[in-house]
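4 protein chains.
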Amino acid sequence: MLRIAIVGGSGYTGIELLRILKLHPQANVVAVTSRKYAGHPVEEVFPSLHGYSDLLFTKPDVTYLSKSAEWIFTAVPHKAAMSIVPQFFDAGCRIIDLSADFRLRDRRTYETWYQAHTAPEQLDKAIYGLPEIYRKDIASAQLVANPGCYPTSAILPLVPLLHSGIISSQGIIADSKSGVSGAGRSLSMGTLFCEVNEGLKAYKVAEHRHMPEIEQELSAAAGKPVAMTFIPHLIPMTRGILTTTYARLTEEISTDKVRVVIKEFYKDSPFVRVLPEGTFPNISYVRGSNFCDIGAKVDGRTNTLILVSAIDNLVKGASGQAVQNLNIMAGLNESLGLDTIPLCP
Amino acid sequence: MLRIAIVGGSGYTGIELLRILKLHPQANVVAVTSRKYAGHPVEEVFPSLHGYSDLLFTKPDVTYLSKSAEWIFTAVPHKAAMSIVPQFFDAGCRIIDLSADFRLRDRRTYETWYQAHTAPEQLDKAIYGLPEIYRKDIASAQLVANPGCYPTSAILPLVPLLHSGIISSQGIIADSKSGVSGAGRSLSMGTLFCEVNEGLKAYKVAEHRHMPEIEQELSAAAGKPVAMTFIPHLIPMTRGILTTTYARLTEEISTDKVRVVIKEFYKDSPFVRVLPEGTFPNISYVRGSNFCDIGAKVDGRTNTLILVSAIDNLVKGASGQAVQNLNIMAGLNESLGLDTIPLCP
Amino acid sequence: MLRIAIVGGSGYTGIELLRILKLHPQANVVAVTSRKYAGHPVEEVFPSLHGYSDLLFTKPDVTYLSKSAEWIFTAVPHKAAMSIVPQFFDAGCRIIDLSADFRLRDRRTYETWYQAHTAPEQLDKAIYGLPEIYRKDIASAQLVANPGCYPTSAILPLVPLLHSGIISSQGIIADSKSGVSGAGRSLSMGTLFCEVNEGLKAYKVAEHRHMPEIEQELSAAAGKPVAMTFIPHLIPMTRGILTTTYARLTEEISTDKVRVVIKEFYKDSPFVRVLPEGTFPNISYVRGSNFCDIGAKVDGRTNTLILVSAIDNLVKGASGQAVQNLNIMAGLNESLGLDTIPLCP
Amino acid sequence: MLRIAIVGGSGYTGIELLRILKLHPQANVVAVTSRKYAGHPVEEVFPSLHGYSDLLFTKPDVTYLSKSAEWIFTAVPHKAAMSIVPQFFDAGCRIIDLSADFRLRDRRTYETWYQAHTAPEQLDKAIYGLPEIYRKDIASAQLVANPGCYPTSAILPLVPLLHSGIISSQGIIADSKSGVSGAGRSLSMGTLFCEVNEGLKAYKVAEHRHMPEIEQELSAAAGKPVAMTFIPHLIPMTRGILTTTYARLTEEISTDKVRVVIKEFYKDSPFVRVLPEGTFPNISYVRGSNFCDIGAKVDGRTNTLILVSAIDNLVKGASGQAVQNLNIMAGLNESLGLDTIPLCP
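Residue numbers (our numbering), protein chains in the order written: chain A, 1 to 345; chain B, 1 to 345; chain C, 1 to 345; chain D, 1 to 345.
Simulated from the structure, these hints should not be mistaken for lab results. Do not take every clue at face value.
Just so you know, same-sequence chains aren't split out, so a pair can sit in one copy or run between any two.
[As the list claims (entries may be wrong)] In the DSS-like style, the derived pairs of lysine-lysine whose C-alpha atoms are separated by at most 25 Å in a straight line are:
{"id": "1", "residue 1": "K67", "residue 2": "K36"}
{"id": "2", "residue 1": "K267", "residue 2": "K22"}
{"id": "3", "residue 1": "K204", "residue 2": "K263"}
{"id": "4", "residue 1": "K36", "residue 2": "K263"}
{"id": "5", "residue 1": "K59", "residue 2": "K136"}
{"id": "6", "residue 1": "K136", "residue 2": "K263"}
Working from the sequences, and respecting the hints, build out all of it.
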């Protein structure tokens, strides 16, 4: 059994980690921390987990946690993460960090979009935790930087096509639509029910922090710098991201050929489902699961490739992907504890 | 492995059976029927099940099905059920019927609320499939009548209290609020998105067919005829029923004592969760799970007991309960394949 | 033109007052206050009002406001209201207070449910602003206490029946379902989108502060003290309250007769719509309007009368009713500026 | 008073016309037809209109209608429209057709995307009813083709920019998100509540019939043929369309300059609101109103202009725009009966 501690467990990614790991046959969550709820039973804070276990939230005590657990999930906000991750790192724990602090390999890029980086040593050692691309590096990593939710949905369909040169590295546009749980569980006017319900807006137009993260991975796939356009939208639903991506084709190609390229690239990746021609993803079809569904269509009139991808932002976009990384790091079957069926309707 | 056929598998209870049984370690779904989709792959009709299996929908051929499977789930509308169930019965299959056709033990009551009953012999042999009450009879039954969704939510909190005499058998009122999936997947103006969204209504006021079903079980618990008031409401959400029940207390009693009576009654029932005093159920806390959560409060000012119960109508209110019955009938652990954690948020 | 100031205009009742008064041919909003947004244009805080006017939010300066306006709407929280209303009162303004501070005629009752009352003199002079009951007193009042949203929905269907003696004053149960806007616009975990969406719960079970307000008016109608049961529920929708009320009949009576009694009672009240027999209210049918729709059904089996009433909590449950009171106080047509058609779908 | 008949009044655009025209000081709806509901009171079919009028639905009798009314709104499906519009045309009525049958000026384009056109004579005389562009022609038209909902949201922000040459006519991408009411009120599996709620999908990817309509107007503005990419998405909300448009800039230009060009172009158009720099539209801010809100941002990194536009699809995208056309045709103030404030929240 893997002894696991969750640091920062009272947000939506925290409860999702608890939900997934409870059903994982090799996982044993020995501690979960929350400054706010320290001393309170997990099942009191999250009544959906009533009867789940006797676990109480504790304060984050690194010394205690690194003795009790070999595996650490850090689910705290960026900045907080880079102050605590090095301590677990030095204590020899293996860490999956769900924050943004170790995702950008280039320190200057990080500091442009976030703030000064206080753990540059660990930054150099962190592996970007997108298993479909970096499976091998993840296996031996001590620190994995779990990808952002938007980037997961945008990168997966594009990498095989940039890699093969089918699409241009210029003019890529990703129009993402996200459910509200991606904004987290902290209090904010913008995520009150009545501010979101029956509304729809674009936000952080062409200035969202996930853009450099997407560009980093697209550049790696293209073998040259990629600048792209990324616009997120907030949708009145709880879970899910649907990203519609527009790319310029470099050659005449059929929709089916595009599908085959993507499918071949992910033939050993159990969580990528390339849908049949004419079928497009729907957030309903991935809810509660670790799948990333992908659909494609060539628009010959304008020489544009349209890609549609869908994930559950709390699973493949956060906690499910983190457990997928755990499995790979621990030498287990990548799907262990993650082979659930989407909850539909 | 249990060889299982699902008859009428293209509705919401059908897809939910497929979802649950896929994760069930002893279940093997060998056939699923749908007149409408015969010949089509299950994963084409329900893209959430993409990659699930090679199963195709077939036409309902009783001879073939009763040879291929020992266990039959009938998920067809009432009236259709009573025409097909006797055939499986005579072929020696064990049947869990999700329709209303075998729930009312009294044929005349059935015929008052529905239509002429064409399978009275099987009616006499059917067991009402509420495991928390009839576990023992279910174990040896050949035909189990899976309860209605509203009745499940209303009966469970009341039975221990009527049984113990704490509440009067007169003046019971159940005010139920249901998500839209309870209305099924057939086309109807009333379940179009724009007719339901941001709306809320009472319907079939004091004339819903689930009322005699509730009364049957309350009468059995009270040991005398119970007439009660049942009003269903339609809520703009997909899954879940929350029932608020009002009963008259026969004695002065504390909230805690009421809780203890219910808790004691269900001490061997893994899916009933009696919440701590001051905590009340929320549909969010049971979604996707087989739990029935119950909260209680004594209102001394008016001598009224208020009970609140919540279930996922597609799980504990239909397909999950059906699998729970399967487990009991097959001599397996009652929770097998059903120990999921609610999907929250 | 009526010169009007809105004190506390940045919540949901504030924006609703602005919306309604803008279309009111005799209203001129000369000032709107908000400590939080003082100095900011109204249209910046509420972009739906873009192009509406040049109005800025100001700090609440009683001296200035009572010189600039003759009519004051106070839309601040209870406790804050009773500290500011007396100042406007003494300055000779006529006031419609949307808080709870002047609704309970009995000071001790107020102090039991809220806190010490610091403006008992004004309390004695305040008129309960339910126009359908107190139209005449409202006309000459200097201070009107605008009713709570739940009470409006619960009191209107019951008063004619208690008044006529058709129902017992004992055993009345009101099961209310409310949209989330009733909880206001302040930050709270419980009204975050993901905490509410696809969920449903009862809250403040038998201990909500609107209960004594309902009882006060039911007692007045019955001519004797009424103790009743009131349970509010939170529904994943923005606007609307639907209340299902259960009462014990004192005599054998038809549904139609009940309807006639209610209809006759409200024959001069333009905003009460008694629906045809067999038709029941739906929140969708009153959204954005000042209507209170009422449906009724006698359940002869249990001698129970079921009443269903629906309002838009921000209109008839708050700001629309406040404008209705304004019209009456100012000697205008009660419906002026309120004859909108519900927005459906 | 304008005597008006609505042909095909039982869908969502029908009820919205009834709602808007009821508040219009110069409109008198003398007849409303529906084959399905002929003989039934309007207020029975649409209980939100309870108390509205004594109007009954009638069968569509052209002779009777063209005698009773001078103004005809046809709100029937395409194909049905072109069979009935010529009859009203020949009878001398002035017609606002809400279908697609008279929107495409080029008959061959129509026949490519729809079917054979059976009223080519009227097609030549129809004016495309986007008042902000064709106000003058609309004023004297006998037949106005009311634009589609998606086209309205996509065309308005682009026309001034194509006209001025700031953006390229190549590579335009419109990513539209629509509420469900745009799909109409007829029965279809795809618009059932549980099929839509908490889901999100792209549909008719690069093959929606509104694409040629958008291209027609963009080509007119650009003065040369425009081929563009248009992808609609279905969002779990009732009303509203938000369109995010991506265009290639032909010159270096600031966001503010772009805003000024749009604002200047629409300076006499009361329903176009160009939002301040940094503010972007939200469907919540236009709900129930005839506004089209527009926001813009130049992304210098990729030389891309991002436009965001929002409308209420049933108002500015259908019935409100139809009434705006009526006002212009009748020589009235363009805003008459349409100066409502958006219902927010």
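Going through the hints against the structure:
1. In this assembly of identical chains, K67 and K36 lie within 25 Å of each other by CA distance solely inside one copy; the values are 23 Å within and 48 Å between copies.
2. Proximity of K267 to K22 under the C-alpha cut-off of 25 Å is restricted to the inter-copy arrangement: shortest distance 23 Å between copies versus 29 Å within a copy.
3. Within a single copy, K204 and K263 get their C-alpha atoms only as close as 32 Å, which misses the 25 Å cut-off; across copies the closest is 23 Å, which meets it.
4. In the homo-oligomer, the alpha carbons of K36 and K263 never lie at most 25 Å apart, since the shortest distance is 45 Å inside one protomer and 31 Å across protomers.
5. Taking identical chains as interchangeable, the C-alpha atoms of K59 and K136 are never at most 25 Å apart, the minima being 34 Å within one chain and 47 Å between chains.
6. In this assembly of identical chains, the alpha carbons of K136 and K263 lie at most 25 Å apart only when taken from the same copy (19 Å versus 51 Å across copies).
Hint compliance for this structure: hints 4, 5 are not met, and every other hint is.
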